[in-house]
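What follows is each chain in one-letter form.
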Amino acid sequence: MTMLEALELVIDIPGRKGGSPLSLQIEPGQRWGVLGPNGAGKTTLLHTLAGLRTPRAGQVLLDGVPLSELRRRQVARQLAVVFQERQDSFPATVMESVLIGRHPFLSPWQRQSAGDLALAQAALASLSLTSLQDRLVNTLSGGERQRVSIATALCQQPAILLADEPTNHLDLHHQVLAMQLLQQQAESGAGVFMCLHDLNLAARWCDHILLMYPDGALCHGPVETMLVPEALERLYDQKLVVTEVNGRAFFIPQ
Amino acid sequence: MPDSSYRYVFSLSLLMVASLLALLLAVAVGSVPVSLAELWALFSGRGLPLHQELVFGLRAPRALAAFATGGLLSLAGALMQVLLRNPLADPYVLGISGGAAVGALLSMLLGLGTAMVSGSAFTGAFISTLLVFGLAQGQGSWTPTRLLLTGVVVAAGWGALITFMLTLGSAQQLPGMLYWLMGDLSYARSPWLAWLVLILALLLTLPLGRSLNVLARGPLQAAALGVAVKPLAWCVYGLASLLTAAAVTTAGSIGFVGLIVPHMLRLVLGNDQRMILPASVLAGGALLTVADTVARTIIAPQQLPVGVITALIGVPVFLFLLYRSR
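Protein sequence lines correspond, in order, to chains A and B.
Position one of the first sequence corresponds to residue 1 (the numbering used here), numbered consecutively onward.
Position one of the second sequence corresponds to residue 1 (the numbering used here), numbered consecutively onward.
Honestly, the hints are just simulated from the structure, not real lab data.
For glycine and all other residues, C-beta sits at the position ideal for the given N, C-alpha and C.
It cannot be assumed that every hint is accurate.
Claimed, not checked - Once the Cα atoms are required to be at most 20 Å apart in a straight line, the calculated SDA-like pairs of lysine to any residue come out as:
#1 B/K230 <-> A/R72
#2 B/K230 <-> A/K239
#3 B/K230 <-> A/R71
#4 A/K17 <-> A/T54
#5 B/K230 <-> A/T54
#6 A/K17 <-> A/H197
#7 B/K230 <-> B/L135
#8 B/K230 <-> A/Q87
#9 B/K230 <-> B/A136
#10 A/K239 <-> A/L211
#11 A/K17 <-> A/R72
#12 B/K230 <-> A/R53
#13 A/K239 <-> A/N200
#14 B/K230 <-> A/S107
To be verified - Ranges between beta-carbon positions, derived for each pair:
#15 A/S107 <-> B/S31: 50 to 58 Å
#16 A/S141 <-> B/S190: 51 to 59 Å
#17 A/G216 <-> B/P316: 58 to 66 Å
#18 B/G57 <-> A/G115: 53 to 61 Å
#19 B/F164 <-> A/L106: 46 to 54 Å
#20 A/V241 <-> B/G134: 53 to 61 Å
When you get a sec, could you build the whole thing from the sequences and use the hints?
So, in structure tokens, the structure goes:
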């Protein structure tokens, strides 16, 4: 079982001095949600945890080994990232895009096997993209492209899945579908870590929460202890109304 | 993938046949036409001595040089476009041909021989590559935009030097200088350097195809998928520079091939670099071979610079494909 660990980690945000160190462990089966206002450093933290940015201090360990000592290919076999931004100046088809998730597992001369193709097809089917598989990604809608990104990460079969706002651009049905898929990943042993903007999604689908304040302060813990109205109002500088539907708390901005 | 493997083999076989036909055309057509039957006789060791000299002594080396140059330029263009993630990139965009041209014109001005012209063209290309490489690194981080801007500005500097040298050239030197600048294969005596570089480069780039597909998604996504982005980018940059240097040394700076051929193939074949890179070599080679055959026969005995023909063939075909594409 693979574990990602931040050790006294201070992320590097240009123009912000200091910042409190973060130590946490993403254990197999856990679903972490990161909440914070714009510019608090959620994306920077996610990229730093993926080893794509150098931290100001501290380190990130994958199964006890610092990411900086691992080759990118070794990291990519364990850890997948769903990015918020996408580039496609030379667009591929949906199928080709998702198949690229197998890249870390193939040697340069190898072509994708039938097994890789089956994994990609399963990932496409799980995000109801099968009928779009021959379309070029630049002809898709924003939500469809977001689903392609998630499918690519699933095709990578990661032990650690880092997702930057996985529900971005998704309609209500596909938001629930995406969160269910991430939950299934966690149930089958993956550690899931996602930046979210929707408090109610975080309350429903995450079991651990990390709050990132704009001044660099951090706190984290199990979801029951973290999602208290006072802390969240301070986090977003916004008054909230809390209601209860079917026994679950819902947060609505006042 | 059985379906796409079939497409891969079919497309490349088709381009291979087209390349062979282009080469056959190039050795058959000219002031003394050689028929297919006569060519067959030549290849099986019989045939007239005149034909032997014409085909093996004159036309074949030039046709092979044209093919290799076209392949080099298209491959360099395809690599540059992926590296810079910019569809307008071509082998010359980073100022490599400008450096080569300054070297070549300088040795023409000094009245040095053909071999020196080639040598100083290669040196100029090499200096330009190092200059852009060093300056683009700068104080901060390396980005495609920064590399592109550095290259474009360095190219503009070379352009000024070229104009300056053209004003210094004597009336006897000017036609040779202009032909070099427009690309000309009539001095391409030995195609072997170009072929050597082409084959080595192809063997190096074929296993990189899938990594380049990943790199086209942007550096962050590529790194997250296990690609060592910086080493790959520098390797591609170095390779594309070497390809361009070999091409301009063989035949001067021939425009349009490196820009248009990879795009034509993308419009027809899609964006898989594993397909586009070898297909670019074949299509670029075939295009330049045909263009050179036209350039030396259309107003014979006068010869046109081949760059004129590549533009005249390439531009309408490209515009048609672009207009028809989705």
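How the hints compare with the structure:
1. For a cut-off of 20 Å, the pair hint linking B/K230 to A/R72 stands: about 11 Å separates their Cα positions.
2. Under the criterion of a C-alpha separation no larger than 20 Å, the hint pairing B/K230 with A/K239 is inconsistent with the structure, at around 46 Å.
3. Proposed proximity of B/K230 and A/R71 is supported: the alpha carbons are some 13 Å apart, at most 20 Å.
4. Of the supplied pair hints, the one linking A/K17 and A/T54 holds, its CA atoms being roughly 16 Å apart against a limit of 20 Å.
5. Restraint check for B/K230 and A/T54: the C-alpha separation of about 15 Å stays at or below 20 Å, so the hint holds.
6. A C-alpha spacing of about 25 Å is found between A/K17 and A/H197, which places the hinted pair above 20 Å, so the restraint is violated.
7. With a CA separation close to 16 Å, the supplied pair B/K230 and B/L135 stays within the 20 Å bound.
8. Taking the CA atoms of B/K230 and A/Q87, the gap is about 18 Å. The hint holds against a cut of 20 Å.
9. At most 20 Å may separate the alpha-carbon atoms for a hinted pair to count; B/K230 and B/A136 meet this at roughly 13 Å.
10. A distance of roughly 17 Å separates the Cα atoms of A/K239 and A/L211; the hinted pair therefore holds under the 20 Å criterion.
11. Our distance criterion of 20 Å between C-alpha atoms is broken by A/K17 and A/R72, whose separation comes to about 29 Å.
12. Taken as a hint, the B/K230 and A/R53 pair is honoured in the structure, with Cα atoms around 14 Å apart against an allowance of 20 Å.
13. Of the supplied pair hints, the one linking A/K239 and A/N200 holds, its CA atoms being roughly 15 Å apart against a limit of 20 Å.
14. As the CA atoms of B/K230 and A/S107 are separated by approximately 19 Å, the hinted pair is consistent with the 20 Å bound.
15. Restraint check, A/S107 to B/S31: a C-beta distance of roughly 52 Å satisfies the suggested window 50 to 58 Å.
16. Checking the proposed 51 to 59 Å range against A/S141 and B/S190 shows it holds: the Cβ atoms sit about 55 Å from each other.
17. At about 60 Å, the CB distance of A/G216 to B/P316 agrees with the hint of 58 to 66 Å.
18. At about 55 Å, the CB distance of B/G57 to A/G115 agrees with the hint of 53 to 61 Å.
19. Look at B/F164 against A/L106: about 52 Å separates their beta carbons, and that is inside 46 to 54 Å.
20. As the Cβ distance of A/V241 to B/G134 is approximately 60 Å, the hint placing it in 53 to 61 Å holds.
Consistency with the previously given hints fails for numbers 2, 6, 11, ordered from lowest to highest.
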